[in-house]
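Asker: So the chains spell out like this:
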Amino acid sequence: MARFGMVIDTKKCVGCMDCVVACKTENNVPEGFNRDWITTDVKGTFPTVKMQIRTERCNHCDNPPCVDCCPCGASHVHDLGGVVLVHHDKCSGCKACIAACPYDARFIHPDGYADKCTFCIHRVEQGMDPACVSVCPTHCMYFGDLDDPNSSVSKLLNSRKYRALISEAGTKPQIYYLD
Amino acid sequence: MNKTVSRRKFLKISGATIGLLAASGTVGSLVKKTNAFTEKKKGGVNGIQKIPTFCDLCFWKCGAIAYIKDGELWKLEGNPEDPLSNGRLCPRGTGGVGAMYDPDRLKAPLIRKSERGKEQWVEVTWDEAFTYIADKMNKIKADYGPEAMAYFVHGIGGNFIKHLMKAYGTPNITAPSFAQCRGPRDIGFRLTFGEDVGSPERTDIKNSKCLVLIGSHLGENMHNTQVQEFAEMNDNGGSIIVVDPRFSVAAGKAKYYLPIKPGTDIALLLAWMKVIVDENLYDKEYVDKYGFGFEQFKAEISQYTPEWAYAETGIEPELIRASAREMAKYRPATLIHSGRHTTWYGDDTQRSRAIALLNALMGSWGRKGGYFYPAMMSVPGYPYPPYPKPEKGKVDNPGNTIYPFATEGHDTITNGVREATITGKPYPIKGWFTYGTNLMYAMPNQDETIKAIQNLDLLVVTDVLPSELAGWADVVLPESVYLERYDDLNVELFREPFTALRQPVLDSPNEQKPNWWIAKKLADKLGLGHFFPWNDIEEYLSKRLTAAGLSLDELKKKGIIRGEKKPVYFEEGVPAEFNTPSKKIEFYSLQLAEKGHDPVPKYTKHQEPPSGSFRLIFGRSPVHTFSKTQNNRILADMSDENELWINHNAAMRLGIKSGDYVRLKNQDGVVSNKVKVKATERIRHDCVYMTHGFGHNSKMLKQAFLKGASDSQMITKYKIDPLMGGTGMNINFVTIEV
Amino acid sequence: MDEITITRHNELVDPVMHIYGWEIAVYLFIGGLVAGMMIISGYFLFKGRQKEDLCSCYTIPLMGIVLLSIGMFALFLDLDHKLYVWRMYTTFQITSPMSWGAWILILVYPALIAGMLIRVPWFMEEKFPVLKKVSEFINVTPGRVKAIGIINIALGIALGVYTGILLSSFGARPLWNSSILGLLFLTSGISTASAFIHMIAKNKDESEMLAKADNGFLVAELFLITLFIIGLLSSTQVHQDAAKIILSGAYAPVFWVFVVGLGIVIPLIIQYMAVNHRIKHTPIAPVMVIIGGLILRFVLVYAGQLSHWTKKAFLE
Ligand SMILES: Nc1nc2c(c(=O)[nH]1)N[C@H]1C(S)=C(S)[C@@H](COP(=O)(O)OP(=O)(O)OC[C@H]3O[C@@H](n4cnc5c(=O)[nH]c(N)nc54)[C@H](O)[C@@H]3O)O[C@H]1N2
Ligand SMILES: Nc1nc2c(c(=O)[nH]1)N[C@H]1C(S)=C(S)[C@@H](COP(=O)(O)OP(=O)(O)OC[C@H]3O[C@@H](n4cnc5c(=O)[nH]c(N)nc54)[C@H](O)[C@@H]3O)O[C@H]1N2
Ligand code: SF4
Ligand code: SF4
Ligand code: SF4
Ligand code: SF4
Ligand code: SF4
Ligand SMILES: [Mo]
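Residue numbers (my numbering), protein chains in the order written: chain A, 1 to 179; chain B, 1 to 738; chain C, 1 to 316.
These are computed hints drawn from the structure, not numbers from a lab. Treat the hints with care, since some could be wrong.
To be verified - Straight-line distance between alpha carbons at most 30 Å, and here's what the computed BS3-like set of lysine-lysine pairs gives: (1) 50/A x 676/B; (2) 50/A x 425/B; (3) 451/B x 50/A; (4) 558/B x 543/B; (5) 90/A x 82/C; (6) 451/B x 11/A; (7) 11/A x 255/B; (8) 392/B x 425/B; (9) 161/A x 329/B; (10) 209/B x 11/A; (11) 699/B x 451/B; (12) 204/C x 43/A.
Input sequences plus hints: build the corresponding full structure.
Answerer: Right, here's the structure in full:
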């Protein structure tokens, strides 16, 4: 069984938002909405400043509260790789999943249903990387099977220090950030 | 802000977005369907087509592949065959979809119907437009000579009109990419090594082990290959040194960050060189072999101690020493980046020369990890008849007397042409033809530009959008966007030679036409048809390609044909030749001394902002290009206004905080549009920063209109580089009006 | 200094979440009120007092149906994919409080109807004679009425607790993430229902009794609010920050003045004096309680959406 995840090397990310633009065109994300985004985290006092730039999106949590709370069974865990997805035609737009997601990864699509990152499952199924990963000019994003010890993601996690976002919230996020 | 979460309030804030969304649904459908012009789309092919071309969201010219889905543009990806993009476009390139589907695009030729600057025109046919232009151009030629027409151009698309202008007989062809951009650094390097840095830069970033960025804000400056290589060298554990008054994205990756006081870089460079020479850290063999005037240079710089530089730059002497030693550790793979947009303070050629000299000390010119020798395929030009020889020389720099190093063969100085248009000296300029440049944004001091325009008998603006400059035009010519046209071949001068093709991926939706068609048709009207002996562009391209032993069909399929790899470093066999008067690397420049300039760069103090004022500095947003992408709905979704970066403490003293809106007032009393404050620890206390290109006041740019503030509007003061005429623009001071 | 910049724009989420507006606040309030009504009316039915002229037994179930329908309508208004509302009833999602809620609501209606049919409202009697038969059937034995009473109490508790659990199950919103919320909303629901019945009841005994009871509920509510706050303050930094939104932040004025002051303390004092016959009963106190209950839902719905995990620094 595959467990898809991402590893993002924050040392390389420059926050250019190419990943966001690519997601928009690839997935036809409506104007005014984003499935992924950039967070810039700055600490210190000028000129002794530390900065981390991260590309963020749905973490495809292993313990996804957005799926648990969905009254319609629209939010679900996909068979392939544990990707968290939404059946548009089952969704009532109740927004429980939006309230439930600590990362604010979801939004209501203008057509009424909850939408978010799909890990570009339509590409992954064809053996391609997600659009954001494949466009990143700094090559700082890696996608793959976390259960496969030989995947690039597993290897990176074995060799570098990493963190996941708000792991305290207990959702078991599957996107890891290399320091 | 947002203390009371009222849904209604929120709806109001985003009312615009919602209104649009209600009308459509998705970006694709939004950008596409709200556009009347897509309705008359040509019988679309079902399914997905992939068509290679090259990007035009900036002038880097990355190879791209357009995906057409059921006859509509779906997305743009990098062409993996292309050494500039390596299969990955930058965010602007990826967002090129929004340029094509911009609902505010110019649709038909326009002729002004009221006074200049009023944005009031009548739509005319192309023939009417050409007749109007040709009449005026003929009259200008009759009354003042062909030299009285000037052509302002930026980008490869302008080539055919450039050809037309040469055929018409004017020498006054100019681009903002020289005197407002790369001019000083190319002249500075030329004075030192005898060659330009060029574009794309010959910087071997990916192989460098130590990269020094002096204001080059890679990561925000998104020149694709540069950023990719920057990430690669960083990933390989390369050392990064960043000198910037602002804690840039690159600074966040740096081992040494030097928070320099703006305008004092030459002091730092001199002190660095002194440390390196004093401590014998330079490449002695290289300098001995290739250097000219090293001893004079050494004597000259011996006065510049890090302690002295500290007083000027605010950078601790120990930091200066440590960073100098760090550079020396990795030489010759230490690349002190030449920068690109170098028109900062008016002494920029000398600063660039200092950068060139520091590179010379590292022995990095011509070496792996330094500056390579680029290669190019040989693709002959089209065999045109010879151009008429203009009777008068270029208007900007008569006899190269004013700016001695902006020599013949170099780009003309935009501001020189503008000045001549205002004064009529050395001879009058009566017509401007522009292509792909928004001079209201590109040139400092908008009043002077307007003054010059008011002296014109004819202003023709070729653009895809109703830009601010178009607002002043007599005739506006609507061009097809890059995805709808062929352009000239891109025969690139780069690490490896290649030739690339731009070809249409879809048809233009309205009356827009490609520049080659415009040039050819206008030539017919002007009686210059014989300068365009080809029937259409494919014939032109074929002829050039065949002459080079290449085929248009192959290029159409692949988008790019790569040439044979050639040696690019001295160690690979490139001859170490320097095209300077001494045929060596000129540590000491006799030609500078001859013209009364410093043979070794000297530091000059620049005026500092009076208390209560800040120096206005500016740069790039990674998702925007100059002033041309703010109306692109996809890119605007990433960033739809610029922010005013101000040091956190300075903001507190002024009683402003992030998210507040303020206006800037410059030393000449010009007040900006309102701009959102970003109070941050990422900038010095003596300057404020914003990204260039926002604050549009062309009402017809519906997305961009009055979003953010315009740095260009604040730049009323500029300082001209005496060596080459570049306009230093970082010398404006602003106060903040709450 | 920590600077966190998030470049994102999603309507209803950025820059702060506001996916739930007045609709949900009203729905939660009405849900609580109806829950309280069911419990009170269920209590009287269980006590076999349906023969007395008590509005709790007579008018309240009908009002409950009407109110609940209004609440459901508010909830419906909040849905963004309204055409698919029926999807909630083609499935039962055991982990989803909202699914539980949807089904509880389905059960609440028959219970309220049963309560109502113990004495068929006059305007229905003529039109639907069959209802009379049903009523007679119910009244055959006191056990049947008692059973309806118990069912109403049970479903009322479920409904009241559910209105709180709905929010508290959202671990992502620290302010809501408290186990006290269910009990608090239940208590507030009973309190507002008591105040409401106290206000409208014509029967002196009923009215007096509910005023007294309400004083008890108000005290309990104060206690639960205290527990709720202490719970947050003794938890993680994010929870402490969340508590500050209502204690000293953006929602503090409304919370202290309208919820605690005018919604609980002042009416409690007034009603305390009234039941001790120091002053006369007026609708002032119950109206304050009811408005206070409504504002409590508003404050918690809105402030909860300001509370956040992610707006916190990650770098160390
Ligand atoms: N204040 C300030 N001034 C600056 C700079 C700065 O940072 N600040 N930067 C300087 C630098 S480095 C440079 S290189 C210059 C750049 O200066 P310009 O090249 O003039 O850049 P833009 O302002 O973007 O103007 C480009 C124009 O071309 C139009 N255009 C876009 N696509 C097409 C097309 O396909 N065909 C045609 N015909 N037109 C098109 C756009 O709509 C826009 O009006 O500006 C310089 N000036
Ligand atoms: N996304 C994007 N990328 C672009 C472009 C674009 O429009 N958009 N344009 C391209 C073009 S044509 C050019 S020329 C380049 C321009 O980009 P670059 O050549 O990289 O940079 P500049 O615009 O000269 O300088 C901006 C940086 O210099 C810093 N700075 C300001 N004053 C000083 C000073 O006195 N000393 C020092 N050391 N630093 C200072 C600013 O803080 C800022 O970080 O970008 C290219 N890349
Ligand atoms: S595209 Fe890559 S470098 Fe750019 S913001 Fe996204 S992850 Fe970072
Ligand atoms: S990040 Fe949010 S939306 Fe994605 S799986 Fe986790 S909880 Fe669900
Ligand atoms: S909005 Fe849709 S996906 Fe989300 S919880 Fe409600 S029904 Fe499920
Ligand atoms: S994986 Fe696909 S859907 Fe998710 S953020 Fe990346 S591009 Fe968007
Ligand atoms: S750098 Fe970006 S905008 Fe410029 S040509 Fe390349 S992809 Fe296009
Ligand atoms: Mo430039």
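Asker: List in ascending order the numbers of the hints, as given earlier, that are violated by the structure.
Answerer: 2, 3, 6, 12
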